[in-house]
Amino acid sequence: MANFNGLLLLSLALLFALAGATQYKVGGSMGWTVPTDPNSMSYNQWAEKHRFRIDDSLLFVYPPDKDSVLQVDKLAYNNCSTSSYIAKFDDGNTVFTFNMSGLFYFISGVEKNCIRNESLIVEVMADRSTPSASHSPPPSLESLSPPSSMEAPPSPAPAVEVSTPPPPSGASVKLVSFMGLLGGGVGLLLFVL
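70 is the number that full-length UniProt numbering gives to position 70 of the sequence shown; each next residue is one higher, with no gaps.
In case anyone wonders, no lab produced these hints; they're calculated from the structure. Heads up, some of the hints might be wrong.
Below, a list of computed lysine-lysine pairs in the DSBU-like style, where the Cα atoms sit at most 35 Å apart [claimed, not checked]:
1) K88 / K66
2) K49 / K74
3) K66 / K25
4) K25 / K112
5) K112 / K88
6) K112 / K49
7) K49 / K88
8) K88 / K74
9) K66 / K49
10) K25 / K74
11) K66 / K112
12) K25 / K49
13) K25 / K88
14) K112 / K74
Pair ranges (Cβ atoms, derived) [to be verified]:
15) D127 / K66: 28 to 38 Å
16) P63 / Q23: 18 to 28 Å
17) P64 / P35: 13 to 23 Å
18) R116 / D55: 14 to 24 Å
Even glycine gets a Cβ: it sits at the ideal position worked out from N, Cα and C.
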């Protein structure tokens, strides 16, 4: 019985350790800023060295009176367009959590900073742990007909300014990790005994 309990505790500890999302600090100790060293790694080179998953997050640290972060589409990214954005963050300590897979584009809210390479593309990997959705039925003939000339084209969605709450201190993640390791250690000890 003790062996089974130990194995169960060890399994739970491993599950907690593997299930946690990761928070990545953009720019490391320098934070979100214009790269000053031409030999340093660009934000995109940094992003290519990581595997981002759904529920992972980016931490952008910057002086809120001098900079901001814009989530933009590919066109705005390529043109460093600060006038067209999906979301604007200007609190100086922004946590952006990925809630789906795909490409995410970020630029500085200061156009001249974006032009000087304060920009980032992140690819978030698809979640392969959930079964794929069943195929939807083919569209009806009505949905395939061209729209009437009387219909107005859809207007673009307005830009949204998002105010983010302060980031978590990380203490809860550390506590859960510590408890998982402690439980795993106790479970391993019980398993050995």
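Consistency of the hints with the structure:
no.	hint	verdict
1	K88 / K66	holds (14 Å)
2	K49 / K74	holds (21 Å)
3	K66 / K25	holds (19 Å)
4	K25 / K112	holds (22 Å)
5	K112 / K88	holds (17 Å)
6	K112 / K49	holds (26 Å)
7	K49 / K88	holds (26 Å)
8	K88 / K74	holds (16 Å)
9	K66 / K49	holds (28 Å)
10	K25 / K74	holds (22 Å)
11	K66 / K112	holds (12 Å)
12	K25 / K49	holds (13 Å)
13	K25 / K88	holds (18 Å)
14	K112 / K74	holds (18 Å)
15	D127 / K66: 28 to 38 Å	holds (37 Å)
16	P63 / Q23: 18 to 28 Å	holds (20 Å)
17	P64 / P35: 13 to 23 Å	holds (20 Å)
18	R116 / D55: 14 to 24 Å	violated (32 Å)
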